[in-house]
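Since the structure of chain A is already known, use the hints to place chains B, C and D on it.
Protein chains in written order, with the numbering used here: chain A, 102 to 487; chain B, 102 to 487; chain C, 1368 to 1746; chain D, 1368 to 1746.
Calculated from the structure, these hints are not laboratory results.
There could be a bad hint or two in this list.
[To be verified] Every beta carbon over 10 Å from chain A, so not counted as near; a handful from chain C, in silico:
(1) Pro1395
(2) Gly1700
(3) Gly1703
[Stated by the list, open to error] A short, non-exhaustive set of chain D residues, derived as facing chain C with CB atoms under 8 Å:
(4) Arg1641
(5) Glu1643
(6) Asp1644
(7) Arg1645
Ideal Cβ positions, reconstructed from N, Cα and C, are used throughout, including at glycine.
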Amino acid sequence: MRFLLDAEQRDFAASLDAMLTAADTAAVVRDWSRGDHASGRALWSRIAEAGVFSLAVGEKYGGMGVRPVELAVAFVELGRHAVPGPLVETVAAAVLLAGLEEAGPAERLLPALASGKSAATLTTGRYALDADMADVALAVADPCSGAPRSEATLFVTPPPGRPDGPLAAGSPLASGSRSPAPAARPDSRSSAGPGAAHRTPLRTTSSPTPGGPPPRPSLDPARRLFPLPSGGELLATGPQVSEAAARALLLARLSTAAQALGVGLALLDRTVAYVEQRTQFGAPIGSFQAVKHRLADAKIALEFARPLLFGAALTLGPADVAAAKVTACEAAYRTARTALQLHGAIGYTAEYDLSLWLTKARALRTAWGGPRECRALVLSGGDRRW
Amino acid sequence: MRFLLDAEQRDFAASLDAMLTAADTAAVVRDWSRGDHASGRALWSRIAEAGVFSLAVGEKYGGMGVRPVELAVAFVELGRHAVPGPLVETVAAAVLLAGLEEAGPAERLLPALASGKSAATLTTGRYALDADMADVALAVADPCSGAPRSEATLFVTPPPGRPDGPLAAGSPLASGSRSPAPAARPDSRSSAGPGAAHRTPLRTTSSPTPGGPPPRPSLDPARRLFPLPSGGELLATGPQVSEAAARALLLARLSTAAQALGVGLALLDRTVAYVEQRTQFGAPIGSFQAVKHRLADAKIALEFARPLLFGAALTLGPADVAAAKVTACEAAYRTARTALQLHGAIGYTAEYDLSLWLTKARALRTAWGGPRECRALVLSGGDRRW
Amino acid sequence: MDLAFTQEEEAFRAEARAWLAAHVPDAPLPSLETAEGFAAHRAWEAELAADRWSVVNWPVEYGGRGADLIRWLIFEEEYWSAGAPGRVGQNGISLLAPTLFDHGTEEQRERVLPSMATGEVVWAQAWSEPEAGSDLASLRSRARRTDGGWLLSGQKTWSSRAAFADRAFGLFRSDPDLPRPHQGLTYLMFDLRAPGVTVRPIGRLDGKPAFAELFLDEVFVPDKDVIGEPGQGWRIAMSTADNERGLMLRSPGRFLAAAEALRALWAERGSPRREEDRVADALIGARAYQLFTHAAASRFLDGDPIGAESSLNKVFWSELDLALHETALDLLGEEGEFTDTPWSEGYVFSLAGPIYAGTNEIQRDIIAERLLGLPKGRR
Amino acid sequence: MDLAFTQEEEAFRAEARAWLAAHVPDAPLPSLETAEGFAAHRAWEAELAADRWSVVNWPVEYGGRGADLIRWLIFEEEYWSAGAPGRVGQNGISLLAPTLFDHGTEEQRERVLPSMATGEVVWAQAWSEPEAGSDLASLRSRARRTDGGWLLSGQKTWSSRAAFADRAFGLFRSDPDLPRPHQGLTYLMFDLRAPGVTVRPIGRLDGKPAFAELFLDEVFVPDKDVIGEPGQGWRIAMSTADNERGLMLRSPGRFLAAAEALRALWAERGSPRREEDRVADALIGARAYQLFTHAAASRFLDGDPIGAESSLNKVFWSELDLALHETALDLLGEEGEFTDTPWSEGYVFSLAGPIYAGTNEIQRDIIAERLLGLPKGRR
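One chain only, chain A, in its complex shape:
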């Protein structure tokens, strides 16, 4: 038992951190929030080059095998730098595709996801993150609802301008072209109904398809959540989808927990730096005991979320992953509240970069399993005895 990142893992974190520090991610986030994906796409490629997406893809599809610990390491850094885009969703999509019985979809789509040529979005609900820029859009019909697990189905959209469909080899990133209107599926249900089987058209333009629905505004401007139109092309169905989706959900939740921890760590660092230089009443406010204790509490919350995250990465037990998710997100949100309070009014402004982390901390709490769902999972047990 050595419950410690090894030197290689620490180096990986450090090199990602250095790359993202140099990339001025705050500016990328602001572009992305406006629907301008150019700088974000460039960053996406560098993240892929660093090997992040390969960590979610098996070796036979050009990846390095699914490596949850390294994914957690990477997503902490992605969160620390508030990197925008369907990062979690691309990981989850890769895991889902690899878990299907048919190898076809994985063979065709995974290499491009691993290499960063494609980005994927994936939804099990009503909204898909960054559906306007994702090259592959997957929708699972509500595997977590009351529906029998064997009924789960998976829809995918063909890449635009590629009539040979999503299973065509390579599936490279097309850009600048608009997707065709998706063919309506007669048996698909209304887009508003819960548990409905949705799909979303694949788009590679840098803004939502003209005439398509705009993203619903999130408090985190970088989170562009698109309502899903009805229709979609059936990719797979049956228990294989449910099983693969369950595993994908675990990885999505784990990655989100890591991202939230990174967001929290960044908020703490920035706030510590701020209170050291901000002077009121003739002293740096960081010398006031009330300020110190709030930051100490944030530190405690984050440092105890960290081992839950890596423990969950090692066991992938549903209760462990749920515990990591709720704890990292609550720690990040608590840190955000502290960061806002100690910055005062400047922290409350959208133009100050802190806001990019503050709003993300709130939004991630409910992404891929909110606090209620995660705590219920912890109580339902199912893991080995802790």
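Relative to chain A, chains B, C and D alone:
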């Protein structure tokens, strides 16, 4: 609308406070906790002389009419001085007896309760406070359970050595004599079963009846809760009991809320005084910002419980009373936690008087309606719109 | 001690309720923090003012009804319970007007108040500066004497409403040579469209321009727009901080209405027991705040000043507001992150509560030192 | 990075589990804080020691098994999961023994440790004094040089276990003339039954004599009972405060077992959804503490010192313990006030957690200053 205590009410509080301050209530509490009621009985008489119990008794029975505001004023002071005994229970018993259709029980018992010649205990559950010293012991068969309200029954025990029973005129305080074993009631259920109709024998000895069950130990040593033996003499039955008991419960809850607020105020006062004189690291610990902020939070909690208490006294709405109960008790407990933390080890000792308030703050939380029950009542509405 | 309203007060309540039932817009107005919403809210102020409901507690001659604090509380309960719009004139009405009543000249009151009451002139506050947040006495913006008035220079920030407002008020350093920072400040009113004023709107967390930075470059202010004596600005600003304004900053009616809305949301979501405690605590907190305010108003009407206890108030309502909105967002679940829900604007606003009008940290220092008598520390 | 135990570690776990299954008393022992319970717990220490389970991490020659930190963690998990009794020898084993290993003489180790391991000699700590709680350096009790040893005089307090224990250890001021309070302190061991020692038991909140005051009047201590150099007591006491002791003060196994018991209580009470969050948070907290400790142990085994991060530890487990027990009491409802429930003693004990071993306020100061690098304030 003048939502302020008038001069008379403020004077009443001040005179009670002065009397109780002079009475060295901490020593009385320690006697009482050992089962030695002599000093407590003496204090009881002085509290009665000050008119406290008269505030729960109608004029025709020798009281001043039921006056919830003045009762709240009085119980804040009783709590502030941690006065032991079935104070709340005596108030509730008086309200219950006066609410029965038959005037007989009230006529016989209330004058002695008002004058302080008798103390009463009252229970709707499994334990009766200070049953070893109460002169009148009443038990209501579970009016709050799922049982139809019309089934509520009221039992009473005859005063010891008075074969003419509890309805005998005067019912003066006997002392030193043991109660006879109560006649078993053939239709009474087991003492352990919830919803059972119990009674408890009247005792005036200063310790529990030899051979009778001892009190179950409470964290608050002054709270001597006796399990109820089966049996009891039926005093009244039917909807009149339920209705009278409901009103008695409101007054019990209100008085407990007031007592808790008083406990919290005393804890705050004592802690403020302590941190001003306790020096560590070369300064009074009351000059440390973390200490100041914890005390400020206690102050806020208590000062916002206060208007809820008096508002509830004016409306006697069940939701208002429940809100006052849960808020005053949470504020008192929160203040107790702060008081303990800021006193450090000395506060953790039974011999230091602070402990008498600390442990009472915890115990009152669940007396006469715990947080869960009170919050549920608030949500169930039933009051006018706030 | 009673909570009973007089027949006249009940009649006042009935009149307010009836007027509101007839006039409150069916659909919510657009956000106050947008140009479109600002205009709509300004029109609503005019509608209120037309029937003397915009400033009920002002004297009749300035557009009010001469209502006392009790009637003001009644009006606010009815106002928020009716779902009426936010008040775009709040800064002027609750911050500037009390100062004018106490320290202004009759000429100033006659000139400023009626147009404030109708919303024709909307006022922004201009207190903070980049280096003077909680430590307000360290203001640097200057007022320099000139013929017939003053020239303002410097930078103000976090000026709420200033993105769309007409005029502003604040403190300026008119004598920089005095030894203590509280000395030599002057209280002035100025036009946000005067030459030399640059208004840069600032977006708050959800992007809406809820406040602005003001850059002032030799902005001329005539003597008639100085409130009180020059150099006495700090004393003037603080003297009204401790009066009923501490009571009137956030009315109980707002929180009672919000808590009822929360209860309705909770019921609509199937009354989850898991959130029961938090919903109950929001209802209880709103009730506690209402009754606390009733008690404070009663004391005030009996002639007692409202002092440091307004710090209790500030911490309580700001934490209540935040907890209430966080509970609502949690009830919304995944929908909670969207800014187009009925709860988002209130949540974002509630996040600022513990910061503005004196941070809650400062308020706790005040409670500890002034109400509990603890020794001053270095903080 | 892994959480996997070796085959040898798993075998160690199996051996511990089997032994505990065979030996843990069926019924709980009487409270440790009573004379009867103290004796029963002392006998239990002997039973543990007979099979070398009382001090698994000590070297074999002193009665241990030479277990590393990982095995210690495994043992503790099994120990508390088996519902085994509290450890009456804890003060000596976790506070004095590490100091003897680092700073004692071989003679001292041979003399002191074996009887500590068997419970034959139970040790009390004697750190605090009436005027020196959090500010430990301000100790006043004196050690005065005499022939062949020292004479101790003064008063110690909050000496846990001292009501029934045999010996004690603590710091005494041997040179009162030095300018800084940390200087001139000497670390000594002494007999609680020596002439000149008066032990006055002190009842904690529930009345049980969990600690005592010690009045020392010219108590003779031979030189052989001085640990390290005279005058170096502070350095010696602190040097082991930052090592693995910070890790071993409260083992994760205790909280894992308590959280599981809470889950069982919750289930027994009908799994009320209202308490679901708090029960889940107790389980999660215990798991987090387990994994945090695993990580810290791994770093320690890699040669990194355990420094100020033990302050994170202290605040976390003490708050977890309190929240866990408050939840249990709330689940018990009206029964929660009784001291004869299985939860009462744990609750009362948990109340002290944020106070002893450095108050949580001090720990937060340390976290802020040493881990976050914030400037020292006046506190």
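Results of checking the hints against the structure:
Non-interface call for Pro1395(C) relative to chain A: holds, since the shortest CB-CB distance, roughly 16 Å, exceeds 10 Å. With 10 Å as the threshold on Cβ separation, the claim that Gly1700(C) sits away from chain A is violated: the shortest Cβ distance comes to roughly 6 Å. Not every C-beta of chain A lies more than 10 Å from that of Gly1703(C), the closest at about 6 Å, which undercuts listing it as non-interface. Using the Cβ-Cβ criterion of 8 Å, the hint placing Arg1641(D) at the interface with chain C is satisfied: the shortest such distance is roughly 5 Å.
This hint holds: Glu1643(D) has a C-beta 6 Å from the nearest C-beta of chain C, less than the 8 Å allowed. At about 7 Å, the closest approach between the beta carbon of Asp1644(D) and any beta carbon in chain C falls short of 8 Å, and the interface hint on this residue holds. Against a cut-off of 8 Å between C-beta atoms, the interface hint on Arg1645(D) is violated, since the closest Cβ of chain C lies about 10 Å away.
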